[in-house]
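Turn these sequences into a full structure, and let the hints steer you where they fit.
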Amino acid sequence: YPGLWQMVTGKIKADERAHQTAMREIKEETGLIPVQLWVAPTVNSFYEPKDEYICLLPVFAARVETDKIKLSPEHTEYQWFDKITAQKLLAWEGQRKAVQIIEDYFLNEKSFFHFVEISLK
Numbered sequence: 008y009p010g011l012w013q014m015v016t017g018k019i020k021a022d023e024r025a026h027q028t029a030m031r032e033i034k035e036e037t038g039l040i041p042v043q044l045w046v047a048p049t050v051n052s053f054y055e056p057k058d059e060y061i062c063l064l065p066v067f068a069a070r071v072e073t074d075k076i077k078l079s080p081e082h083t084e085y086q087w088f089d090k091i092t093a094q095k096l097l098a099w100e101g102q103r104k105a106v107q108i109i110e111d112y113f114l115n116e117k118s119f120f121h122f123v124e125i126s127l128k
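The letter at position 70 of the sequence shown is residue 77 when you use the working numbering, and the numbering goes up by one with no holes.
Don't take every hint at face value.
Said to hold, decoys possible - Here are the in silico distance ranges between beta carbons for each label pair: (1) ASP22 x ILE91: 34 to 42 Å; (2) GLN27 x LYS95: 30 to 38 Å; (3) GLU55 x LYS117: 27 to 35 Å; (4) ILE91 x LYS20: 16 to 24 Å; (5) GLU116 x LYS57: 40 to 48 Å; (6) GLU55 x GLU116: 31 to 39 Å; (7) LEU127 x ASP58: 29 to 37 Å; (8) GLY10 x GLU116: 31 to 39 Å; (9) LYS57 x GLU35: 20 to 28 Å; (10) PRO80 x ASN115: 35 to 43 Å.
Claimed, not checked - Under the rule of at most 30 Å between Cα atoms (straight-line distance), these lysine-lysine pairs were calculated in the BS3-like manner: (11) LYS104 x LYS57; (12) LYS95 x LYS117; (13) LYS95 x LYS34; (14) LYS90 x LYS34; (15) LYS77 x LYS128; (16) LYS128 x LYS18; (17) LYS57 x LYS117; (18) LYS34 x LYS128; (19) LYS117 x LYS75; (20) LYS77 x LYS20; (21) LYS90 x LYS104; (22) LYS18 x LYS104; (23) LYS77 x LYS104; (24) LYS77 x LYS90; (25) LYS104 x LYS20; (26) LYS104 x LYS117; (27) LYS20 x LYS128.
The hints are simulated quantities; they were obtained by calculation from the structure and are not laboratory data.
The beta carbon of each residue, even a glycine, is placed where N, CA and C say it ideally should be.
Following this line, the structure appears as structure tokens:
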């Protein structure tokens, strides 16, 4: 989607689980390798009228050890944003809500019993 700001996204391959897709897409699109990965307690969704289906997208949060990006050729730029700027620029409402949920858990230390860490071992 040229001209749109969005989080790292991608399609699940036939031999993958959703969290494996998240790990792969983060590495492919940014060159970053997550050292921790969590399932956020939210699911994004959209309707695809062309092929007549509803897509449900799990949301993950990752911790990486560097902020040095190696941008993939499919992207033209990247930027790290604070929550307010991200919520203004992100194209989809579900991603804006996910930013709030992730901030509440990690920065505001609110308790989410369903914010599950995925074992990367």
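Indices of hints not satisfied (ascending): Hints 4 and 17 contradicted; others consistent.
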